[in-house]
Amino acid sequence: MSLDKNGIAKRIAQELKDGYYVNLGIGIPTLVANFVPENIEVILQSENGLLGIGPFPEKGKADPDLINAGKQTVTTIPGSAFFDSSLSFAMIRGGHIDLTVLGAFEVTDKGDISSWKIPGKMVKGMGGAMDLVAAAKNIIVATTHTDRHGKPKLKTKCDLPLTGINCVKKIVSDLAVIDVTDKGFKLVERAPGVSVEEILEKTGAPVIVEGDIPEMKL
Amino acid sequence: MNKVVKNAKEAIKGMRDGQTFMLGGFGLCGIPENTINALVESGLTNLTCISNNAGVDDFGLGLLLKKHQIKKMISSYVGENKEFERQLLSGELEVDLVPQGTLAERIRAGGAGIPAFYVPAGYGTEVGEGKESREFNGKMYLLEYGLTADFAVVKAWKGDTMGNLIYRETANNFNQPMAMAGKITIAEVEILVPAGELNPNEIHTPGIFVQRIFQGTNYEKRIEFETVRES
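Chains as they are written, first to last, in the working numbering: chain G, 1 to 218; chain U, 1 to 231.
By construction, these hints were calculated from the structure, which means they are not laboratory data.
Treat the hints with caution; some may be incorrect.
In the DSS-like style, the derived pairs of lysine-lysine whose C-alpha atoms are separated by at most 25 Å in a straight line are [claimed, not checked]:
#1 K157(G) - K131(U)
#2 K110(G) - K61(G)
#3 K131(U) - K61(G)
#4 K117(G) - K131(U)
#5 K121(G) - K71(U)
#6 K121(G) - K139(U)
#7 K221(U) - K124(G)
#8 K221(U) - K59(G)
#9 K131(U) - K110(G)
#10 K117(G) - K158(U)
#11 K124(G) - K9(U)
#12 K67(U) - K121(G)
#13 K67(U) - K124(G)
#14 K169(G) - K139(U)
#15 K117(G) - K72(U)
#16 K139(U) - K110(G)
#17 K139(U) - K137(G)
#18 K121(G) - K66(U)
#19 K183(G) - K155(G)
#20 K124(G) - K183(U)
#21 K82(U) - K121(G)
#22 K82(U) - K117(G)
With the rest of the complex left out, here is chain U:
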């Protein structure tokens, strides 16, 4: 079984205007840089994007926003992108803000075949408006729904030709749950090895969740806030 494609352009083949895609990463950490660039070049529009953050103005998801390729975002925190805030306040962009833990669990649940579940986050706030609520053991919970997408795009550190993935440090974040939730999951990796070379004990995402994999190039790995110790 070989799931390897040549590059990001080949990986997004078949993606159409108006589809929903998930994009892994937290801030700029662990984002699939190669596939984002391919999406910008593709000119696809009217897309719905599920991503914890929205990149910054000139990097990451910000590049897709600048070209107005995104119709709707489902995110938890979008604070680092001025163009995003402008499009949101002017009504050009539709945004569904979801508490971060609820977003992560909706994605995990979607990938795990769980259509809905209850969480306490957001009860009594505007997030809970119009949602079903229910009391368990004296505490109130909101009904939240699982999320899936036409495509899930994730970034891993190492991967093999069968689609098994290992993430590095905090670059795991939303990549692992999203890998489960795509009808087609695309994984771009820094290091691609033949099946059998990764230690099965260390695999985070088993290959069954991944349909297309390729080794990315020219990773910039931009740091959002470089903070160092005072000497």
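Bound-form chain G, shown alone:
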């Protein structure tokens, strides 16, 4: 069975390591925060100027001066820090963030990603996505394997305007974990009950399959 949003987030959380500074994008990536393993400490960065994002506030305690990059009200954790936008992107551009998780419209087997613009339809702007993908050491894309119409989102070339090139290292979808290698997509794990054949059929690019592909352990 394919994973739901929380399943994708849960699998991505397994990639977190103790002491990581992590930037989570809007949507499925935000859910990763709910599945951080209890025995490790991870610090979440918000590009609008907060290191150490805490949980959402209790009802009635929302502070308009304290928001995340999705403009949602949040709280801080003990040891948090505030800073301005240029310093925030110095953290990002300077390679101080260990892991970035973001959503995508399309990802290619070269690690290119489109995620910000649908010409003629949606022009919201790229926000911090281009800065993040251009600089992060490790980028995981959280996405459904196919779009609303059943078309592959993992392909050989992006049809929509690019966010960045040669940058995505790993994709966790509702069907599979796929690494982006020098030789293209490589299948690492399958969602429970999903066959290798189904994954290959729903991927719009060649996929390297070596030996038995294990199921994800969630």
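Start from chain G and add chain U according to the hints.
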């Protein structure tokens, strides 16, 4: 030295049609509400506005957009404003979309006297089209230019009569770099105190960057997406 002006109306004195201004804030967090209202009342037009976001339809920058006072926006994300999207798609409004970190650094650099610098963001995308690029240590970078403005309008939490500023929580965002980048920087603050009352160790923006300061009134501080814990 006393940089205090009476109110927002007095603070924007001398601003003319067609000028460029920066506006601090991220979404609706840390926006200079009083000065925005004064700009709406001023009727100034043909303005170029440098701001990370564009407000929402009925608050913040959205108020200036609705009255067609803005000719051009330089922003990174404008998604929360339908009127903005309409003006953009119809060609009424000119928009230069800039990656957020590049925008912040262009403003910081402008204020710091750095005319241009290289960043990796946008290389290989439409943002890089027509821009100079160069390889450093095996990676490609784009040449980006510093930004300044005729006026920079920022919002701080506390300020003193000499223009020293302290921001609160994530309401700092673009305010701190923008404060450096205005030929005239206007700061509106929630709490204005006499010089000497702020702790010099805690000042984010030293007063040298600020020309006019006033204590704002009636802050609405609207929350864009109030999100609370499930109990």
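Results for each hint:
1. K157(G) - K131(U): 23 Å, holds
2. K110(G) - K61(G): 45 Å, violated
3. K131(U) - K61(G): 46 Å, violated
4. K117(G) - K131(U): 20 Å, holds
5. K121(G) - K71(U): Between K121(G) and K71(U) the Cα gap is close to 22 Å, so the pair holds against 25 Å.
6. K121(G) - K139(U): Since the Cα atoms of K121(G) and K139(U) sit roughly 33 Å apart, the hinted pair is violated (cutoff 25 Å).
7. K221(U) - K124(G): 23 Å, holds
8. K221(U) - K59(G): 17 Å, holds
9. K131(U) - K110(G): 23 Å, holds
10. K117(G) - K158(U): Given that 25 Å is the threshold and the Cα spacing comes to 39 Å, the pair is violated.
11. K124(G) - K9(U): Violated, at about 32 Å.
12. K67(U) - K121(G): Holds, at about 24 Å.
13. K67(U) - K124(G): 21 Å, holds
14. K169(G) - K139(U): 17 Å, holds
15. K117(G) - K72(U): 20 Å, holds
16. K139(U) - K110(G): 16 Å, holds
17. K139(U) - K137(G): 13 Å, holds
18. K121(G) - K66(U): This hinted pair holds, its Cα atoms lying about 21 Å apart.
19. K183(G) - K155(G): At roughly 14 Å apart (the allowed maximum being 25 Å), K155(G) and K183(G) satisfy the hint.
20. K124(G) - K183(U): 30 Å, violated
21. K82(U) - K121(G): Between K82(U) and K121(G) the Cα gap is close to 12 Å, so the pair holds against 25 Å.
22. K82(U) - K117(G): Within the cut-off at roughly 16 Å; holds.
Hints 2, 3, 6, 10, 11, 20 from the earlier list are contradicted by this structure; the remaining hints agree with it.
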